[in-house]
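Read off the chains here:
Protein chains: 2
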Amino acid sequence: MKKEKLILVTNDDGVEAKGLKSLIETVREFGKVIVVAPEESQSGMSHAITTKLPIRVQTVKKEEGLEIYSCSGTPVDCVKLALNQLLEKKPDMLVSGINHGSNASVSIVYSGTMAAAIEGGINKITSIGFSLLDYSGDADFETAGIYVRRIIKKVFMNGIEEGICLNVNIPVGKENELKGIKVCRQTDGYWQEEFEKRIDPGKREYYWLTGYFNNSEPLADDTDEWALQNKFVSVVPIRIDFTSYSRMKELKKWKF
Amino acid sequence: MKKEKLILVTNDDGVEAKGLKSLIETVREFGKVIVVAPEESQSGMSHAITTKLPIRVQTVKKEEGLEIYSCSGTPVDCVKLALNQLLEKKPDMLVSGINHGSNASVSIVYSGTMAAAIEGGINKITSIGFSLLDYSGDADFETAGIYVRRIIKKVFMNGIEEGICLNVNIPVGKENELKGIKVCRQTDGYWQEEFEKRIDPGKREYYWLTGYFNNSEPLADDTDEWALQNKFVSVVPIRIDFTSYSRMKELKKWKF
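Residue numbers (my numbering), protein chains in the order written: chain A, 1 to 256; chain B, 1 to 256.
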């Protein structure tokens, strides 16, 4: 008999998010599921940790094969708390998402969803972040669920070596509209900010941060943005080690 | 006559931090300096951005060659606001720090100081994060200042290619105690959490997140932790593109 897997689930849209519920449904067939997700949306929190405020945890649900906890902290706090306090053993896999909205290209650095997956990778856990290209709260996760299942199966079958995690983005569409899965690199891009200046009732200036994504390169067919625009699910392997080895060689010639 | 450089300065310890003041002093000799720093400490905020709260900016100082602004947001908000609203042109360099405490090894992912440098890199600006291995508010930045000057000079002389930024960590010590500068890779490591469970006056449980750094590998002499323990200043080139190209090749064989 196969040993049952233990799977840790988190996200950054909060414990009530539809994308989280979809992910839980999908991963339950693989084993025992422990969910530790933020109480409220923590989108854009990146790899932030909470050190100046106390962290609170609440039990949301406990049933056969599924426990759900909410946490007052960030997605990375959720992962740390799960590993350190709530799980009896290291999980076989960490999945994060399904995020409401893209985390392709450079969005990975702002994303709490992907920070949780990276935190898993730092702790040598097989980790995957999933995102659907639909920001709306009532997005349709049906097709996404099919791809999430397929990818998790493959990952359990083949294993991922230490030092990386996966960034999976899924286009919007019915099953027959998507063209399959493509292994990609991160597109070179940036967010073009548009700070909106306003005046409050007390006559003080303030800004709202808004913006839109821009490519810094023409979209080659090995990039995640190309894949997504062409209705492929993109899978980008992300390195936990941020060192640029090629540039290290160069810098050594500088004779500091 | 050489064109005067424009240098953007930020940090995550806040506009009043001693490390920021030391950095400002050092960079003023290179050109015009614009500082946009968080109002208060934003340590551990990583690459977080503020989208659900308004962002406020205050002018702290305006004199010949130096402008200082404080911002209610995160370090990355400071960079975005500077580039989008406060600077007339793209700066020639972004420097972040000097952080009170190490940002070596995996600490880079939690660090607001390094997130600001990475944000600069995303925007194709030559960017460097500086950290001193002393967490105390009244740390002595004298020796650090000497190395900051040396490294900035070298970077202006040689240039850094697009797609990377530098993570510089400086050990504590007098000038004659430090052994020079070493180009390194990021040590494989993690933070071992120790959540401290407490009970509040209302009888509710809460946790404090604390922890300590651990290596996941023996310290080879090409790692930043080795360099720092041996009194070298460590310089790690950090890639903005997080793709693992070697693993991409592997994953393509999976036939998803």
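No wet-lab data here; the hints were simulated from the structure.
A hint or two may mislead.
Rough simulated footprint, nothing fancy, chain A against chain B, three-plus residues with beta-carbon under 8 angstroms [as the list claims (entries may be wrong)]:
hint	segment
1	95 to 102
2	109 to 115
3	149 to 162
4	194 to 204
Since the model is a prediction, treat every value here as computed from it, not as a measurement.
In this text, a Cβ means the ideal position worked out from N, Cα and C, and glycines have one as well.
Consistency of the hints with the structure:
For the segment 95 to 102 of chain B, the proposed coverage by chain A is not satisfied: 0 residues have a C-beta within less than 8 angstroms of a C-beta in that chain, short of the threshold of three. Given a C-beta distance limit of less than 8 angstroms, the hint that chain A covers the segment 109 to 115 of chain B holds, as 3 residues qualify and 3 suffice. With 6 residues bearing a CB less than 8 angstroms from a CB of chain A, the segment 149 to 162 of chain B meets the requirement of three and the coverage assertion stands. With 6 residues bearing a CB less than 8 angstroms from a CB of chain A, the segment 194 to 204 of chain B meets the requirement of three and the coverage assertion stands.
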